[in-house]
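Counting in the working numbering, the sequence shown runs from 2 upward without gaps.
Source of the hints: derived by calculation from the structure; they are not laboratory data.
Quick caveat, the model's predicted, so the values are computed rather than measured.
No residue lacks a Cβ here, since even glycine has one placed at the ideal position from N, Cα and C.
Honestly, I wouldn't trust all of these hints.
Label-pair restraints from in silico Cβ distances [as the list claims (entries may be wrong)]:
hint: 1; residue 1: F179; residue 2: A321; range: 33 to 39 Å
hint: 2; residue 1: T350; residue 2: F135; range: 50 to 56 Å
hint: 3; residue 1: F161; residue 2: G67; range: 19 to 25 Å
hint: 4; residue 1: S311; residue 2: G145; range: 36 to 42 Å
hint: 5; residue 1: A249; residue 2: R342; range: 45 to 51 Å
hint: 6; residue 1: G332; residue 2: S368; range: 17 to 23 Å
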Amino acid sequence: MPPITCRAILPILCLLLTAPCLAQWQEIGNEQIPDILKVEQIRAVDEDGVYLADDSNQLGVFVEDGGYVGVGTAAPAHQVDIRTLTGRGVDANSQNDTLAIWGHGNRADRVVFFTERYNAAGNPNEWTNVHHRFQRIVDSVQMGFIGFGRATGQIYALQFGYGDNIYLALRDDGVLVFGNDSEIQLSVDTSDNRFRFGTSSDADKLTIDTDDGSLASDGNLDCAGSGEFGDPSNPATFYQPACAFQSAEDLVYDHLSDSVHPSSTGTEAILSVPCPWLIPGTRIKEATFVVLLDTGSDRVNFSVRRQSTSSPGATQDIVAFGGADYTQSSGMTHITGDYYRRTETCDHTVAGGEKVWSLVELYCADSEEGCRLVGVEWAFEKRKY
């Protein structure tokens, strides 16, 4: 074989240097990717983002170009957007987990989870019941939850419940609801400063008036711990029969007629009748005196007096004695037979430690039994306890 000379090799080298470089690429199948992929970064090749899905192409996590992360959605609306994988439920009482933290060892034991519950699907304006919950589930049993949402016609700012029942809820109008959705309610009416207990349809609900108004329809519970209930148009009354009055030497009590009369004719007899209700804040509206006057010459007269704790011994008139002694024809209202009455307007609110009483003056002209006091009735605009 003749030796290879340089002149023979040169054409071959020129051919190799001038010919295009050719390479062969081979596609790598999924089965060739190891079960554990160890990399420092996973980058998207374009602006479509990065998808992580299962073998059935069910989306798990999506990282959008720009950094937004979606769980269960390829269109995250926020920095982190977690949505249910099953979509909106169309059946009544469907529930969709939006975020769950699972317990140890049991997929049915969700330590805490957020969910949305719908009573009807479709247009949000047509939903009749929507609950957004933060709840725990153990052994597939729903435990207590904190949530918000709405029932039919009502929006709840906050809910507390157990299972599927709402036991305490705060509505958007400030009403506190006890029971399942609307059984019992607590509310405050800021227009007239009233606290109510009962349902909105219950006419017999308990209402407490928290101001110091006239109590035209309800009652008052003040910060000092006192409660007062009454109605100016229907005041509380307290009747004192004659047997309850203080006795004196110049007075005689007749148990048959339950009356008190002077012990002799031609003289004046005065007796004291204490006010039966002196709790501070009580308003004495009126005092009514029931008497018997046999003849036009018999006379009676009344006054209501007060004494303060700070000035013992110094009295003031709430109602002063009349300018002239009352008789059958002057200042008395006929009841029946020889019985008459006289009502004195007091309109006095009892102060702390104050004493209030009435004085009754009797004068018999012809017979000691011809002028009698039968009883005194006090009317209170409010009853205070």
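Can you name, in rising order, the numbers of the hints this structure does not satisfy?
1, 3, 4, 5
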